[in-house]
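Protein chains: 2
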Amino acid sequence: MSDSGRPIGTGLHDPVLETIGMEITCGELPAGHVLTLDGIGERFGVSRTVAREAMRVLESMCLVQSRRRVGITVRPREEWNVFDPRVIWWRLSGSDRDAQLRSLTELRIAVEPLAAASAARGASAAERSRVVELATSLRKLGEAAELTEFMEADVEFHTLLLRAGGNEMFAALSNVVGSVLRGRTQLGLMPHQPVPEALDLHEAVAEAVAAGRAADAEDAMRKLLAEVRTAVLPS
Amino acid sequence: MSDSGRPIGTGLHDPVLETIGMEITCGELPAGHVLTLDGIGERFGVSRTVAREAMRVLESMCLVQSRRRVGITVRPREEWNVFDPRVIWWRLSGSDRDAQLRSLTELRIAVEPLAAASAARGASAAERSRVVELATSLRKLGEAAELTEFMEADVEFHTLLLRAGGNEMFAALSNVVGSVLRGRTQLGLMPHQPVPEALDLHEAVAEAVAAGRAADAEDAMRKLLAEVRTAVLPS
DNA sequence: CCTCCTCGAAAGGTACTATCTTTGCTCGGA
DNA sequence: TCCGAGCAAAGATAGTACCTTTCGAGGAGG
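If you read the protein sequences in the order shown, they are chains A and B. Residue numbers for the first sequence follow UniProt numbering, beginning at 1 and rising by one. Residue numbers for the second sequence follow UniProt numbering, beginning at 1 and rising by one.
Simulated from the structure, these hints should not be mistaken for lab results. Every residue gets a Cβ at the ideal spot worked out from N, C-alpha and C, and that includes glycine. A hint or two may mislead.
Stated by the list, open to error - Quick look at which bits of chain B chain A covers, simulated, 3 or more residues with Cβ under 8 Å:
1) 54-61
2) 149-157
3) 164-175
Unchecked claim - Ranges between beta-carbon positions, derived for each pair:
4) THR49(B) with THR230(A): 27 to 35 Å
5) THR136(B) with ALA125(A): 45 to 53 Å
6) THR49(B) with THR36(A): 41 to 49 Å
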């Protein structure tokens, strides 16, 4: 699961999907633009069937619509399945990283506090001890300014909290959060050294979860994300 | 957009996708079960290419994994793209409506208050007046116990609030919320007559949004969803 | 008991046919 | 002369049949 857990495509049609998906989400192919299977097949050197399968997947993400005689038209952004992990990944890699990061951060602010509260109520003993362990690691790595290692531990921290609550919708967002955190690090939106308050808050969340204090966990996570918001939304 | 806004499939492979997707999400085809393209083609009377396209879409939802020589294996539930509108719809129509409604309601509790606050900050004039209009309609329809009409207005109310904030991730959840509300009504989880408190809270949310009082809107929406929670989670 | 080879089954990929829809041209009427 | 309706042709997708590649399993031999 190297990148946001999207399924590993081993086939020949994967590069087609990847390239065109990226081009659409980046805005390079604007809404209303028309593609043809022949054009795709010729461009990538594949048969029409391969192109068709790729388009079928894109259609299932509501990125394009296929109509007879007309061709394959790119749909407007409002209709995209923006929760599809591939779409999120493409947009984070592409040109509108900014809007995407803003939206996702707002989503995190909404979800993660409640997920932390759920985790405080429902986590297993192993999960409780692991979350404390991770918070300790985070402090150590943060103070040593090991940014990459810090990020990996941070991803595991948030993933664990999203999964421990037992809500599968929250759990499904863990890939999204992982993408956001990796994106922020790659984009240089992380401070060179994590601010001490953030480290304190990670520990506060961990302790509250470990002790089963749901309200405290929720509150600490909310404060933590307020910190994140100021980093991502400089406005 | 009769059902959760999933793209209208006009092709021949759509019934295949629909049937097998439903069977997997319902648990009728358990994780690890192996399908073959030939089997699918024979069962539905279609060619293998059609079956393959349907499987490609299912694969893009992480419901199955296709490996050579082995066949198409059903993946465990934890790996599904549970945010895909089709998956949500299938699960709501199928046997684990209950777990799905619980998860989705928790998600609503997380997201909708913040979305209401965003709407209070960023809605257009037309949206502000429309939301008040809808709250008034809701009171009238609720007191008249017109359940279906009430639901439709309720869907529009929540959809409007999710979209007005300008956050595309929130906006993308409007189909989900629509599905939940419709599912609750069809499932008989709505009271025969909406409780007066709910009507009051809808109006409170609307007024706060119209007046631009973000904190009040958030608070009222939170109370409204607390009401919903008690209805859905009888525990 | 381990290793290697062979066989076969199922997915991957290609070429071809059918069908449907759009578009443009023509003919007739006002 | 202009406008509208209808018909025909073209082109692109939908679907089918067939060949190729790959990898897993089972058996034989060391």
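Here is what the structure says about each hint:
no.	hint	verdict
1	54-61	holds (count 5)
2	149-157	violated (count 0)
3	164-175	holds (count 6)
4	THR49(B) with THR230(A): 27 to 35 Å	violated, 53 Å
5	THR136(B) with ALA125(A): 45 to 53 Å	holds, 52 Å
6	THR49(B) with THR36(A): 41 to 49 Å	violated, 19 Å
Hints 2, 4 and 6, counting from the list given before, are not met by this structure.
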